[in-house]
Amino acid sequence: MTALAFDGVSKTFDNGYQALAPISFDVAERRFVSLVGPSGCGKSTLLNLAAGLLVPSSGSIRAFGEALSGINRRAAYLFQQDTLLPWKTVRENAVLGLEFRGLDFARADTWIARVGLSKFAGAYPHELSGGMRKRASLAQALAVEPELLLMDEPFGALDIHTRQRMEQELLTMLDVSPTTVVFITHDLEEAIALSDEVLVLSAGPASRIVGRYPIDLPRPRALLDLKTEPRFPEIYRAIWHDLREEVLRSHDAR
Amino acid sequence: MTRASVVAGRVGVATLFLGVWELGARLGALDPFFFSRPSSVAARVVEMLVSGKVWPHLATTTLEAALAFLLGSLLGVACGFALARSRWMADVLGPYIQVANSLPRVVLAPVFLLWFGLGIASKVALGVTVVFFVVFFNTMKGVREVPQALIDNARMLGATERQLARHVLLPSALTWIFSSLEISVGLAIIAAVVGEYLGAVRGIGYLIAQAEGVFDTTGVFAGMAFLAAFVLIVSTLVSRLERRLLKWRPATGPSLDSRG
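Chains A and B, in that order, are what the protein sequence lines are.
Mapping of the first sequence onto numbering that gives the first Met the number 0: position 127 corresponds to residue 126, and the numbering continues sequentially without gaps.
Mapping of the second sequence onto numbering that gives the first Met the number 0: position 161 corresponds to residue 160, and the numbering continues sequentially without gaps.
In isolation and in its complexed conformation, chain A is listed as follows (with noise of 0.2 Å):
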């Protein structure tokens, strides 16, 4: 089954300014796709467009097979900013999608112990690093048991044996529980790392999808191993060649 579908999507700001030429692609159900594309090339509109906060100019979204009108019910979104309401412990923080939707509080505190942040269930968000902060939205976002699962590079703000850990993390936490994931990066070692597929965007504006890569690592995969195997950097070199162009555009526009 189709978890997200996007057919003829463009959008236009009311600026007037053209973020997305119209784009078609499918997310099959329960795989991890990456866009990776230069700053500013559109990647957050198109996430945003999925997760049904914009609304595309022309073309349409499917979810599930069903045409998507306002929220994407059934996906939750990773941002990259913090989101955690900080007047909110961990736990009161996990528990609010399950609060909003009416369901029971249980599963907030497996996710909180899935994350390893049980001791601080009780803690302020200010209280936290910027990677156990993370965590504990990560635990709030799986809680409310998505089918999809929408990330704007979640972890850009963090250092990077934090990074490391919490992509780590993420694919364990995927494994337990399976859900098709649509990720944002500028990264591309990330994406290679922990997709099955990378799409590539041209630069903006009206960017497009200029190149799709199947990853074929075999999972599960142990990230901090992976850049080492001999396949990585054939693929790297691969999806580099496509990039490169549009990192370059995109410098030139400036």
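Hints may contain errors.
Below, computed lysine-lysine pairings styled on BS3-like, alpha-carbon distance capped at 30 Å [unchecked claim]:
| no. | chain 1 | residue 1 | chain 2 | residue 2 |
| --- | --- | --- | --- | --- |
| 1 | A | Lys87 | A | Lys118 |
| 2 | A | Lys87 | B | Lys52 |
| 3 | A | Lys118 | B | Lys246 |
| 4 | B | Lys246 | B | Lys140 |
| 5 | A | Lys87 | B | Lys246 |
The following residues of chain A were derived to be distant from chain B, with all beta-carbon distances above 12 Å [said to hold, decoys possible]:
| no. | residue |
| --- | --- |
| 6 | Asp108 |
| 7 | Arg113 |
| 8 | Val175 |
It should be emphasised that the hints constitute simulated quantities derived from the structure, not laboratory data.
From a predicted model like this one, the values you see are computed outputs, not experimental measurements.
Note that beta-carbon positions come from the ideal geometry of N, C-alpha and C, so glycine has one too.
Model the placement of chain B on the given structure of chain A, informed by the hints.
Coordinates of chain B only, in the frame set by chain A:
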């Protein structure tokens, strides 16, 4: 700088101020008729406390200030919320609110006296006009300055408009309101006293006005002493309450952000 030295310094300033005043009055440099004497004021304060004469006045002022604070806050939150969420309402009503806020509130006091009489209603009305604007502007700022990502995240988690207001927008506004609590409570007390001063049958402001009417400077200063003590106690309580309500906020100091 130790705590003891600060306390010693504070006591020193008070001693110096009261000492100069007392000595000046005793040596004839300050006319006791116009300036009274700290010792006379202290004696009057004690007398008013012992006779119990001051309590009904204090109670009235407290009631007026509390009602003004509650009503003004409720109205301020409601209006601030509405205007922050509706661009149209903000554009239509904005200029009127600016004009209303720039009006000195003291000029309204006689009008309220005419409308609401000498009782507590006129003082509450005056206080409401003061508290309202503080709370209103803070609510509007609080609701408007919620980061878009927090709102988007809540909506993705399934929040309805009401849940969004309750869990995200109002708490954000409340932080702004709480951090201006000391100001709005202080203003509510001032408004009550000013209202009483201009015409009342009871209250600290009424006491001061009565004493002034018979050139009883000792009575005026005694009234001011009660007022000062009252404000000091209330603002200590308020800042304690504020600290409790905002306990989730980071204390100023080194942040843990860099931790992995």
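Each hint, compared with the structure:
1. A:Lys87 <-> A:Lys118: The hint holds at about 16 Å.
2. A:Lys87 <-> B:Lys52: violated (47 Å)
3. A:Lys118 <-> B:Lys246: The hint holds at about 19 Å.
4. B:Lys246 <-> B:Lys140: holds (21 Å)
5. A:Lys87 <-> B:Lys246: holds (10 Å)
6. Asp108: holds (17 Å)
7. Arg113: holds (18 Å)
8. Val175: holds (20 Å)
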